[in-house]
Structures are given as C-alpha cells and as structure tokens.
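Asker: Here's the letter readout for the chains.
There are 2 protein chains.
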Amino acid sequence: MSESPITGLNHVAVLVRDIDASLSYYTDRLGLKVLSDERLDAVGVRLVFLDAGNAKLQVVAPIADGPIADHLRDHGEGLHHICLEVDDIEGAVQELAPGQEVAINRAGDRLSCFLPDRPNSILVELLQYEK
Amino acid sequence: MSESPITGLNHVAVLVRDIDASLSYYTDRLGLKVLSDERLDAVGVRLVFLDAGNAKLQVVAPIADGPIADHLRDHGEGLHHICLEVDDIEGAVQELAPGQEVAINRAGDRLSCFLPDRPNSILVELLQYEK
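Residue numbers (the numbering used here), protein chains in the order written: chain H, 1 to 131; chain U, 1 to 131.
To be clear, the hints were calculated from the coordinates, so they are not data collected in a lab.
Just so you know, same-sequence chains aren't split out, so a pair can sit in one copy or run between any two.
Under the rule of at most 20 Å between Cα atoms (straight-line distance), these lysine to aspartate or glutamate pairs were calculated in the DMTMM-like manner: (1) K56 <-> E125; (2) K56 <-> E3; (3) K33 <-> E95; (4) K33 <-> E3; (5) K33 <-> D87; (6) K56 <-> D87; (7) K131 <-> D109.
Chain H with its partners taken away, still in its complex shape (with noise of 0.2 Å):
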C-alpha cells in the first residue's frame, strides 16, 4: 500500500451504555484479554482497549454529557467507529481532509482524530502513536 496514509487498522469501537455490564462477553465469553481502561475525561468517555490479537477492541462509554452520550442516546449500543493507524496524521488528515478544519487529540502516547467526512454513514478515526 506504497500510495496509501493507512497502515492499519488500530481498532473497532462498540459504544455500550454501560461497559462494567458488557465487559464479560468480551473477556469471559469471546475470551479477550484487556488492555488499558481509560478515562479521557476531555471527551467525556471511558475507554476499555481489548486484545484481539492482530486489531483490538474499543469498548467506549459515555461518562459525562458530550458526543459520546448524544449518540448513544439518539442510535444506542452498536458499532461506533473504526480507526485507521497513519505514520503523520497532520500529513494524513491534509491529504484525507483537504481544508477542513480538524481537532488532533492526544491520549498517552496516541495522537488521534475523527475524520469530518462519513463515507457510508461510518466513523472514521485516525491514530498515530508519538514515535
């Protein structure tokens, strides 16, 4: 993928409303370890990373009122997201997103955005971990 700013898919997000209630499917029944549980407290989210070997699992839920918990309430549980792995996401977001305004966040060693467009009514983030 020589032309291409993608050089994996980081992770899927499942947006729960609760994630202590749906933690055990993922772990106990599918048997997936846990990686990090986050607060980003900027976003209003808590974040539960899971290992699925190749990819991971994001398992998000709001924790204050923000985009998070508007779309929960409007769409409830599902599959949020999908978020891509660049090498520059200030040269993938001008390439991706040519002219238009983005916010880059940082969470530990993670630069990441949400892409303005939504190619078929998906999410996409992007991610770079800080060399």
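We have chain H already, so just place chain U on it with the hints.
Answerer: Chain U in isolation, oriented as in the chain H frame:
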C-alpha cells in the same frame, strides 16, 4: 490468548447501497487495495474485500432480497458486523453459542457463521480458513 477461540480480527464490514458508487472512497481516498470482488448468490450479496494491512475492510451490498437488503432498508448504510477469525469454527460455535442452531456457510476456502447473540447490538461473524 490461550483460553480464547479467537485468533484475530479478520474484517470489519461496511454495508452500502451501491458498491460501485462507494468504493472510490476506500480505494482512491484511503488508498486501500482491492483483494477480491465476489458475488455470493446464496446470500444475495456482493462483497469487496480491501487490504488494510493487518486486517481487511469488507464493503457489502445486497444484490437480491434477503437479510442484508432488509437491514439496509431498515437501518441504512453503516458499519454492519465484525468478523473474528478462529482455528476451529465448529468448536468455537459450541463454545460461544452452546445449544443454539447456527448455519455455517462456505465461500471458497472460508467457513463462516453469524453468532445468534448480539452483544450491545453488534453482529459478530466467525470465520475459519480451511486448511
């Protein structure tokens, strides 16, 4: 993940109305390569698999009446399912859906099924490549 039947995330599926109208976002914008373009007449779908590196994206559209056409009419375009790879699909079905009737389909060297449970409203497919 020694206790898990899951060996990886095979693909994430995006349901679209018209593959020809939708594909350029994934190929031209994101720069992903097409791996295969298939019609599964038994299921009434056309599937295009795209290479995201460590995993695949599947773009799926109905080509006949059936559950995929029904889902599109009722819910519109968007993320449709995740597909988890297993080494032994029959064993995984017994473990993940004990006592439930699950139809295992064959397409080329792939055996696959959808789990009857929909945790957090997500649809989960299992896939085994035949040795």
